[in-house]
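Chains as they are written, first to last, in the numbering used here: chain A, 1 to 112; chain B, 1 to 117.
No lab work stands behind these hints, which were simulated from the structure alone. Incorrect hints may appear among the rest.
[Claimed, not checked] Below, computed lysine to aspartate or glutamate pairings styled on DMTMM-like, alpha-carbon distance capped at 20 Å:
id, chain 1, residue 1, chain 2, residue 2
1, B, Lys55, B, Asp27
2, A, Lys26, B, Glu63
3, B, Lys41, B, Glu52
4, B, Lys42, A, Asp83
5, B, Lys20, B, Asp88
6, A, Lys99, B, Glu87
7, B, Lys42, A, Glu55
Only a predicted model underlies this, so the values are computations on that prediction, with no experimental measurement involved.
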Amino acid sequence: SQQGEEDPQALSIQEGENATMNCSYKTSINNLQWYRQNSGRGLVHLILIRSNEREKHSGRLRVTLDTSKKSSSLLITASRAADTASYFCATEGTDSWGKLQFGAGTQVVVTP
Amino acid sequence: GAVVSQHPSRVICKSGTSVKIECRSLDFQATTMFWYRQFPKKSLMLMATSNEGSKATYEQGVEKDKFLINHASLTLSTLTVTSAHPEDSSFYICSASGSLAGANEQFFGPGTRLTVL
Numbered sequence: 001s002q003q004g005e006e007d008p009q010a011l012s013i014q015e016g017e018n019a020t021m022n023c024s025y026k027t028s029i030n031n032l033q034w035y036r037q038n039s040g041r042g043l044v045h046l047i048l049i050r051s052n053e054r055e056k057h058s059g060r061l062r063v064t065l066d067t068s069k070k071s072s073s074l075l076i077t078a079s080r081a082a083d084t085a086s087y088f089c090a091t092e093g094t095d096s097w098g099k100l101q102f103g104a105g106t107q108v109v110v111t112p
Numbered sequence: 001g002a003v004v005s006q007h008p009s010r011v012i013c014k015s016g017t018s019v020k021i022e023c024r025s026l027d028f029q030a031t032t033m034f035w036y037r038q039f040p041k042k043s044l045m046l047m048a049t050s051n052e053g054s055k056a057t058y059e060q061g062v063e064k065d066k067f068l069i070n071h072a073s074l075t076l077s078t079l080t081v082t083s084a085h086p087e088d089s090s091f092y093i094c095s096a097s098g099s100l101a102g103a104n105e106q107f108f109g110p111g112t113r114l115t116v117l
C-alpha cells in the first residue's frame, strides 16, 4: 500500500507563481524525502527532512514537516517552465531502514 | 551526486523470453540496491532490496522466481524478468545507496522501459 498520499494530483500554474503540494503518510518515519521526475526519466533527489526537523530550504524549495499530523508540504517559489515534472514524496519508516515508500505524486505543469 | 546507470534504457521482447536489466553505481560502492516498478502516471512500487553478496529481500506480492535479482558486486545489480508476459511491461528503476551516499540517501538510475509483445 502507498505510504504517502499526495495532493493535488495535478497542478497547472504560470511561470513566476508558487506551487504547493502536500503529502500525508501513515506510520512513524525516520525521514521524508521529495523527488522530482521528468517524463520517462529517473528520479532526482530534491530534499530530505528528518523527523526532528520542521522546515528546510534549498534554493527555491521549501519543505515543511508536521509529524503530529503526519504530513509534509513542498513549496516551489517563483516557478519556471523547467520545473514542469512529477513530484513525489517518499518516507523511510522507523521499522524499514533504507526502504522508501513513495506517494502517488503530483504532476506539475508550469506554462510560460 | 553519485551516478547510477541502467542498461538497457529500453527493451522490447516477445512474450516468453527473459530480459536482464543491469544497474551500476559508477562512482561509489553500493552496498544496497533497490528495484522499483512504475506504471504510467503512477508512483514507484518497491519490488525488492538487494545487499551485496546476499539474497534479495522481496516485497509482499512480488514473485522472486519471476523477478530474479543478483547483486554480485558492490557496483552491479541485475534484475532478470523471466518468461516475460505483456503484464510485465513497465518502467523499472533501480536505486543505490552506499559509501558515497549521505545517510538515508538513494541515488536513482534513469530507468528501463520494458515492453513485452
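Hint check results:
1. B:Lys55 - B:Asp27: 24 Å, violated
2. A:Lys26 - B:Glu63: Outside the cut-off at roughly 26 Å; violated.
3. B:Lys41 - B:Glu52: 31 Å, violated
4. B:Lys42 - A:Asp83: Roughly 19 Å separates the two Cα atoms, so the pair holds.
5. B:Lys20 - B:Asp88: 13 Å, holds
6. A:Lys99 - B:Glu87: Not OK: lysine 99 of chain A and glutamate 87 of chain B at ~25 Å, beyond 20 Å, violated.
7. B:Lys42 - A:Glu55: 27 Å, violated
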